[in-house]
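Enquirer: Chain A is fixed; fit chain B onto it per the hints.
Protein sequences appear in the order of chains A and B. What the first sequence shows, in the working numbering, is residues 1391 to 1816, in sequence order. What the second sequence shows, in the working numbering, is residues 1391 to 1816, in sequence order.
There is no bait here: all hints are sound.
25 Å max Cα-Cα, derived SDA-like pairs, lysine to any residue:
#, chain 1, residue 1, chain 2, residue 2
1, B, K1576, A, D1683
2, A, K1485, B, F1711
3, B, K1563, A, N1662
Just so you know, the hints here were simulated from the structure itself, not pulled from any lab data.
In case you want the letters, here they are:
There are 2 protein chains.
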Amino acid sequence: MSDKPLLRIGLAGLGTVGATVAQQILAGAIDGVELGCVSAREPNKPRGFDISGLPFVADPLDMVADETIDVIVELIGGQDGPAYELVKASLQAGKPVVTANKALLAAHAAELSVLSSGQGGVPIALAYEAAVAGGIPVIKALREGLAGNQIGRLSGILNGTCNYILTRMEEAKLSFEDALDEAQAKGFAEADPTLDISGVDAAQKLSLLSALAFGLAPDYTKMPVAGIQAIAPQDIFFASQFDCVIRLVGVSERHQGAVYQRVTPMLVRRSNNLAQVRQELNAVMVRATPLGDLFLQGPGAGGGATASAVLADIADLALGFGRPLFTGPVSHMQTPLSQKAPEWEYYLRAGLADKPGSMAKATQILAENGVSIEEVIQRSSSDGGGFLPVVFITHEVDESSLNNALAALQQQDVCQGVLCLPIFAD
Amino acid sequence: MSDKPLLRIGLAGLGTVGATVAQQILAGAIDGVELGCVSAREPNKPRGFDISGLPFVADPLDMVADETIDVIVELIGGQDGPAYELVKASLQAGKPVVTANKALLAAHAAELSVLSSGQGGVPIALAYEAAVAGGIPVIKALREGLAGNQIGRLSGILNGTCNYILTRMEEAKLSFEDALDEAQAKGFAEADPTLDISGVDAAQKLSLLSALAFGLAPDYTKMPVAGIQAIAPQDIFFASQFDCVIRLVGVSERHQGAVYQRVTPMLVRRSNNLAQVRQELNAVMVRATPLGDLFLQGPGAGGGATASAVLADIADLALGFGRPLFTGPVSHMQTPLSQKAPEWEYYLRAGLADKPGSMAKATQILAENGVSIEEVIQRSSSDGGGFLPVVFITHEVDESSLNNALAALQQQDVCQGVLCLPIFAD
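So that you can see chain A by itself, here it is in the shape it has in the complex:
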């Protein structure tokens, strides 16, 4: 590579990920790449490695103007503010960008896709392998490894915090709150975990994957999103009775000529690969033609995993293999969004009044709404308030029938605390 010009990186952000990226580049991990300059909120913070030889710039935007810098690596974070300004300015200047910032991409996909499409048919690279599923090379797998396939369904465990909490609820029988506390103590959850546990983080990532897999204009605000806050230890227990675990799953699938996408806790059969994804790991499963089923699992967050993906993007750029955000502006993406769920099986848990006729009433309501029951478990121990937990596993049912049944159930005095989760279809 000695006769090739070096690719000089401008690195904005020296947190855990940025520091690992810097160390690897300084160690010569990528042929033909060198660190040109860095910026950080706290330039003098001790980082455990020597950066005294690196030019610091106070304002990241100066890296864009610096003609000796070939690529901007944005690791500042945040949906707006300096990260957004930097990425936008760099693309406007025709300078390629590598980012790990899914919130930024998901929120500004329309604008950034236009900028990344460039002028006169020459796209500006905007690489974001690190933005989804951390170290799993899923952007590359979807866009390049499955080129020539038609994707039928994409599903994934895209939030390591939620997966850690659900795994710990299962293996250590913790409550949601205790598992969250533990995740925070271990650094797997932010001080404010709302974006993670609400499912929004997973939805942002799913919207980016759906754009690649289905050409769907990314808009995570338009998909149904549920988090894991409502999952109780009894749900983990009941799921195990059906040989299932509970996972927060993002699913996008072709349905009736459109694409349906959703983030929700689901029951997943133990025999399914997604059930075997434990702790803070992430995973993506793709069903494609002619390929079949592809399953990818790896660390979804943390300095090393995210840095790995950033480095991969940089290596591609060093070889001249950069790609725009999508194949064109988001406004050109045509695939219609389906608001109607495919017919799934559901797990339906409710408290039924501990008196004669409660079960008859509940099953009558389900039947009247066309929800047919495959299995029932009733636990004999009351919750103390005179209600007994009961779980129904339904046959495949369309969502409107299900919703009608749920609404009718919730109007009954004999029924309270209804939770309904889809069952992941193998």
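Expert: For chain B alone, coordinates are given in the frame of chain A:
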């Protein structure tokens, strides 16, 4: 893409894979790619889709000379003969090649790596995603997705035939022979299954992955290779007693400044991802820094999976993203090969004479050779010949101590039928 020139494919070989590739290209699955001409041993064989509009060439080498053909796709198969002639001629003419032929690449890596390195620093693309692990984009993941990582260990289930047989021995309690018959009936094994069940096919694939992961000159004849012929139903049973399954695993790992590689049946703990790879699936697991553990699973063979990988390679070429076989000629690859195995745990099964002192003798021999035992199972039922099967699980031990112990055991009249398998280290 309308202003871009079309990439015109010359497709040699219209078997299951070739037919699927042709159909997908004809259906427009890859933007900017069209089928220029095809060759097949039996041009007029019915194939279930219309190829009457396609120019047939009798001699695949004519595709190389045809200036309207941009890329040769070699799906003829076979280590030598027409496939070898075609790939060689195409590279010599500076024309990129896509192939699914691991036997060809593994056998001729030295020569093809020189041709693919090109003249004057301009490499000729030689793409082979389909040659290893079928539809799993593992070449791309290793070379691009993990660029910037240091790989510590690569392990994989690289032969679908063996995995199918082992899975069926486990779940249906079949003998090796019956499981092989079933695999042949289902089309998962060749009429002559020698290359598969002997481990040679997996070794060819492992040698290509090791070249990418470690820069190791590929030579599958230099690694220890064992097949699955010696695995008996009792081994599947004993493995299950230790919560393990048996898988044919290819492992390459850094050890004492070198790389050790080997293909062998191994005991794999049920909790390990590799144990969950069932039927004819393939999988690859990579341990890398800074990434961590990455696990990829998918269909390893069959028309659809292999075609998927071929199409991905074609799509890369259509975008100008072709790469040579390796980063340079094999003769420049420097990583030394370790002949010494890491210290592993082993499963050691033997028949011990059903008389006083046999077990004492066996354990004494193990102890004398520094092989320390973690667990023992002895089955009470004799095999009828006066020998009782016994299984030792050893602690981690170096290979020379183990081999000395095995040699000494095999010289004892009280001991027969020794089988020794490593235990996969999580």
